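Visitor: Numbering (our numbering) for the sequence shown: 1 to 88.
A hint or two may mislead.
[Said to hold, decoys possible] Distance windows between CB atoms, simulated:
(1) Lys30 with Arg3: 17 to 23 Å
(2) His54 with Arg4: 22 to 28 Å
(3) Ala7 with Leu69: 35 to 41 Å
(4) Gly25 with Thr51: 18 to 24 Å
(5) Ile18 with Arg46: 25 to 31 Å
Please keep in mind that the hints were generated in silico from the structure rather than gathered at the bench. A quick note: this is a predicted structure, and the numbers were derived from the prediction, not measured. Just so you know, even glycine gets a beta-carbon here, dropped at the ideal spot from N, CA and C.
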Amino acid sequence: MSRRRYAVFLSLLHQARIDVGMTQGDVARKLGVPQSYVSKCESGVRRMDVTEVHAWLDAVDRDWVTFMLALGRALDAQGIDSFPPSSF
Numbered sequence: 001m002s003r004r005r006y007a008v009f010l011s012l013l014h015q016a017r018i019d020v021g022m023t024q025g026d027v028a029r030k031l032g033v034p035q036s037y038v039s040k041c042e043s044g045v046r047r048m049d050v051t052e053v054h055a056w057l058d059a060v061d062r063d064w065v066t067f068m069l070a071l072g073r074a075l076d077a078q079g080i081d082s083f084p085p086s087s088f
């Protein structure tokens, strides 16, 4: 995933937490991880795999499909291809 694409993803992940009024500490407690883990994920220092994203979305009470559709729309709005031909 390109840096631009990942930055859009992280922005939406962060916004999902903010939208429900949760702090990084709140998410960390729900995930059973240190707050620093949440901070590193949101800042892009630590990349997340699909199972971690799914757990995060559960922690902030967000639907996986709805989140992925929002990601696709956000990428489109910024003129970023969701899946550039060279990525496969």
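Visitor: A separate judgement is required for each hint: does it hold in the structure or not?
Guide: Against the structure, the hints come out as follows:
no., hint, result
1, Lys30 with Arg3: 17 to 23 Å, "violated, 28 Å"
2, His54 with Arg4: 22 to 28 Å, "holds, 23 Å"
3, Ala7 with Leu69: 35 to 41 Å, "violated, 19 Å"
4, Gly25 with Thr51: 18 to 24 Å, "holds, 22 Å"
5, Ile18 with Arg46: 25 to 31 Å, "violated, 19 Å"
The structure does not agree with the numbered hints 1, 3 and 5 stated previously, though it agrees with the rest.
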